[in-house]
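Chains as they are written, first to last, in numbering that gives the first Met the number 0: chain W, 0 to 351; chain Z, 0 to 268.
Rather than coming from a laboratory, the hints here were simulated on the basis of the structure.
There's no promise every hint is true.
[As the list claims (entries may be wrong)] Calculated cross-link-like contacts (lysine to any residue; reagent style SDA-like; alpha-carbon spacing at most 20 Å): (1) K30/Z with A77/W; (2) K80/Z with D37/W; (3) K80/Z with K301/W; (4) K80/Z with D47/Z; (5) K301/W with N8/W; (6) K41/W with H136/Z; (7) K243/W with M83/W; (8) K80/Z with M83/W; (9) K266/W with R257/Z; (10) K41/W with R257/Z; (11) K53/W with P129/Z.
Everything numeric in this text was worked out from a predicted model, so none of it was measured.
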Amino acid sequence: MNALPWWKNLSVLRKIVQLFSFVFLVYGSGVVGFYAADKLSKAFPALACAYDTKTADYCVLIPLQHQLGHLLGPAIKAGAVGLMTLIPLLTTLGTFLLLFVLLNKAFCGWVCPLGSFQELLGLIGQKLGLRRRESLGDGAVDRIRPVKWLMLGGLVVVFPLLSGLGFVDHALGDPFCKICPSRIMTTLFTGHVNQLYLDTSSPTYMVLSILGDTLFGMILALGLTLRQPFCRICPMLAMHAIFKKIGLVRLVKNYTPRCEKCGLCAKACPMDIREIHTSQEKDILFPDCTLCGRCVEFCPDKGVMAMKYAVIPIKVSDPQYFKHRNKAQKSWENANLIAWLSRGKAKTAKAS
Amino acid sequence: MMMRLLPLPLLLVLTTVNAQAAMHWESVPHKVTMAHIRSAPQMFRLEDGTGASARLMQPDLAVHPLPLAGDGRVTIKPDGKEYFHVLIAERDTPSGHESAIRYFHLFGRPTGVSPERVTDARKTALEIVPDPLPREHWSYLSNHSFEFVLRFNGKPLADHPVTLTTSNGTELTLKSDANGRVRLTFPDDFPEVHPGFMHNKPAGFTLRLAHVSQGKRYLTTLAGDYRTDPAHWQSFYGGVLVAGGGVLLGGFLGWRLRRRGASGKGRMK
Ligand code: SF4
Ligand code: SF4
Chain W
0 MNALPWWKNL SVLRKIVQLF SFVFLVYGSG VVGFYAADKL SKAFPALACA YDTKTADYCV
60 LIPLQHQLGH LLGPAIKAGA VGLMTLIPLL TTLGTFLLLF VLLNKAFCGW VCPLGSFQEL
120 LGLIGQKLGL RRRESLGDGA VDRIRPVKWL MLGGLVVVFP LLSGLGFVDH ALGDPFCKIC
180 PSRIMTTLFT GHVNQLYLDT SSPTYMVLSI LGDTLFGMIL ALGLTLRQPF CRICPMLAMH
240 AIFKKIGLVR LVKNYTPRCE KCGLCAKACP MDIREIHTSQ EKDILFPDCT LCGRCVEFCP
300 DKGVMAMKYA VIPIKVSDPQ YFKHRNKAQK SWENANLIAW LSRGKAKTAK AS
Chain Z
0 MMMRLLPLPL LLVLTTVNAQ AAMHWESVPH KVTMAHIRSA PQMFRLEDGT GASARLMQPD
60 LAVHPLPLAG DGRVTIKPDG KEYFHVLIAE RDTPSGHESA IRYFHLFGRP TGVSPERVTD
120 ARKTALEIVP DPLPREHWSY LSNHSFEFVL RFNGKPLADH PVTLTTSNGT ELTLKSDANG
180 RVRLTFPDDF PEVHPGFMHN KPAGFTLRLA HVSQGKRYLT TLAGDYRTDP AHWQSFYGGV
240 LVAGGGVLLG GFLGWRLRRR GASGKGRMK
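Chain W on its own, in the form it takes in the complex:
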C-alpha cells in the first residue's frame, strides 16, 4: 500500500497544478476574453501561445520579437529611437518581470503548457513500458546547454532586430514563433490544424516551416523516452536564467559531506543538472532548473535540500518522505504495458 497520501506527494500536486494551468492557458479565452486586450498579461513567462485562438495569455517571446523587429529595428534604421519606441518594449519586459518574480522558474516546472505536454509524452512512454534513457551523459548535457542561449539571442533578439534594420528577410521578424513547438501543439489541442504546415511562399519561410515541423515531430518521438527534450533548448529557459536571482521561489542546499556519496538529487532531475549534487553553495537554482522540486523529494537527508517561497519553506528534504516517495515511484514505474504483458505471459506459462 502506498503510505504517502496523494496530497502530500509533491509530484502529484505539481501534476494537478500543471493540468489546471494547461486547461486554463490553452482554453482559457472563455474566462478572460477573446481579444488580445483581454489577455492576462500579454507577456507571460511560459509558452502560452498567441496563435491559439482560445489562449488565456500570450508568452513574452512574441511581443519581444515583434517589438524588436517592427519597432526598435526600424527606429534605429531611421535614427529615431525615442521614448515611444522604448515604452512598449519596457512595458513588455516590466510585465514579464512582475509575473516572473512571483513564481520564478516554477513557471516552467508547474505552469508551462509545453513543459506539461512533454511530461505527458514521458508518462505515455513510461506507461507503454518503453526503455527510457532518463538522463543524458555529461558530455551531451554540456553540448546542449548553450543552445538555449543561441535560441534566445539569435531567434528572439538578433534576427528580429536585423529584420527590422532591413539586413535580413522579413520572414525572420519572428523566427522563434515560426519554429516554436508550442504553436503547433496548443493549436492542435484546440482542434485547429492551421499551424502544422509546409510553407512554400519563399525559401526562408519554407526552411522555417521545415525546421518547426521537424522539431515538433522530434519532440513527439524523443519525449517518449527522454525527459523534457525541448526544455533543454528553450529560449524561455534562458530568459528565466537571466532574472532567476529576483524570483521569490528559491532552491537551497545545506551541503553535507554525505552528499558526495549520494547523488540521488541529480538522478531525479529531469534537466540533468548534475551540479545540484556537487555544489557546496547555498543557492542551487541553476540556469536549467525548472523548479519542479524532484531533487528535494528524492534527497534522503533531512533538511539538506529545500524549496522556499522567499524565506518560507515549501518543501524540505526528509528521510521519511523519501522512503515513501521512492516506494511510490517504484510501484508507479512498474505499472506499465510491457510489465503487465510479461506478467500475463508468466502466469500463462505457470498455468500450463
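Assemble chain Z with the ligands onto chain W, guided by the hints.
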C-alpha cells in the same frame, strides 16, 4: 499574424439578387513604412454618404463627431488609445434611416476596456455586430468562417437575410438563425493569388442589412477587408509529412541514446 480555422459547414446561399448600392465605409490605401506603423494615420471614405453625419467610437467607448471632407474622406490619427475604433455614419432618408459601420485598429496604450464592449455597444438602431471581430492584428480570411449577429434596437433579428458583396465581385445572401446569428465563410474569390501573405492585397467586403419596422425602412452596412487564405501556399499535408520525418529522426536519436546509455552512467531506474 493570421489564423486558419477548420472548414465548417457552409451556410452560404448563392443569390442572383444584385445588392443595391448603399452607404458604406471604404479604406483608402496609402503606404506606411514599418518605422511609422504605430504612428501612421488611417484613411477612409464614406461612399454614397451624401447628407450623412459621422462619428468615431474609441476603444474606451468615448464618441466624437467626425467631420467629413467633401468627397467623404476622413483621416484618423492615432489617438493614444489602442485597439478597435469604430466609424459610424447615419442619415435620415425619406423612407427611414440609414447607417454604415466599420471597425479598424490603431496602436496606442491599452484603455482597459474589452473590445467586446466596443462591438456590443449599441451604435445604430439596426446593426450588424461582428461576434467576434478577428483578434487584434489578425484579419478576416477567405475560406474561413466568421460570425455576426443581426440586431435591431438591441434585439437579435431571427431568420433575416443579409447580403455580402466583395470588391472581387462576389454577391451572396445569407440568413440569420433563430438567435440572429449569421456564419459567413468568406469567398476565395481573389482573381490572382501570389505566394505569401504580404504579397496579396486585401479585398473589401460590405454586409448589407435591411429591415422594415412601423412603416420605417432601416438600412445598415458593415464594411471591412479580408485577405487571401494562406492555405494557398501553406500545405497541411506537407506539414504532416515533414513532422512525420521529425518523428522518425527523433525515434532514431532516442534509440541511439538508449543504446549508448544502456550500460552508461546516469541512467535512472
Ligand atoms: S509561437 Fe511560441 S514563442 Fe510564439 S507566441 Fe506562441 S508560444 Fe510564444
Ligand atoms: S523550458 Fe520547458 S517548461 Fe520552460 S518555457 Fe520552455 S518549454 Fe516551457
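Status of the hints after comparison with the structure:
1. Between K30/Z and A77/W the alpha-carbon distance is near 16 Å, which keeps this suggested pair within the 20 Å criterion.
2. A threshold of 20 Å between alpha carbons decides the hint, and for K80/Z with D37/W the separation of about 15 Å falls inside it, so the pair holds.
3. About 56 Å separates the Cα atoms of K80/Z and K301/W, which puts this hinted pair outside 20 Å; it is violated.
4. Of the supplied pair hints, the one linking K80/Z and D47/Z is violated, its CA atoms being roughly 29 Å apart against a limit of 20 Å.
5. Only pairs whose Cα atoms come within 20 Å are accepted, and K301/W paired with N8/W is accepted, the gap being roughly 17 Å.
6. Under the criterion of a C-alpha separation no larger than 20 Å, the hint pairing K41/W with H136/Z is consistent with the structure, at around 14 Å.
7. As the CA atoms of K243/W and M83/W are separated by approximately 29 Å, the hinted pair breaks the 20 Å bound.
8. Among the hinted pairs, K80/Z with M83/W is consistent with the structure: their alpha-carbon atoms are about 14 Å apart, no more than 20 Å.
9. With a C-alpha separation of about 16 Å, the suggested pair K266/W and R257/Z falls inside the 20 Å cut-off, and the hint holds.
10. For the hint linking K41/W to R257/Z, the alpha-carbon distance of about 40 Å lies beyond 20 Å, and the restraint is violated.
11. Distance check on the hinted pair: K53/W and P129/Z sit about 17 Å apart at the alpha-carbon level, within 20 Å; holds.
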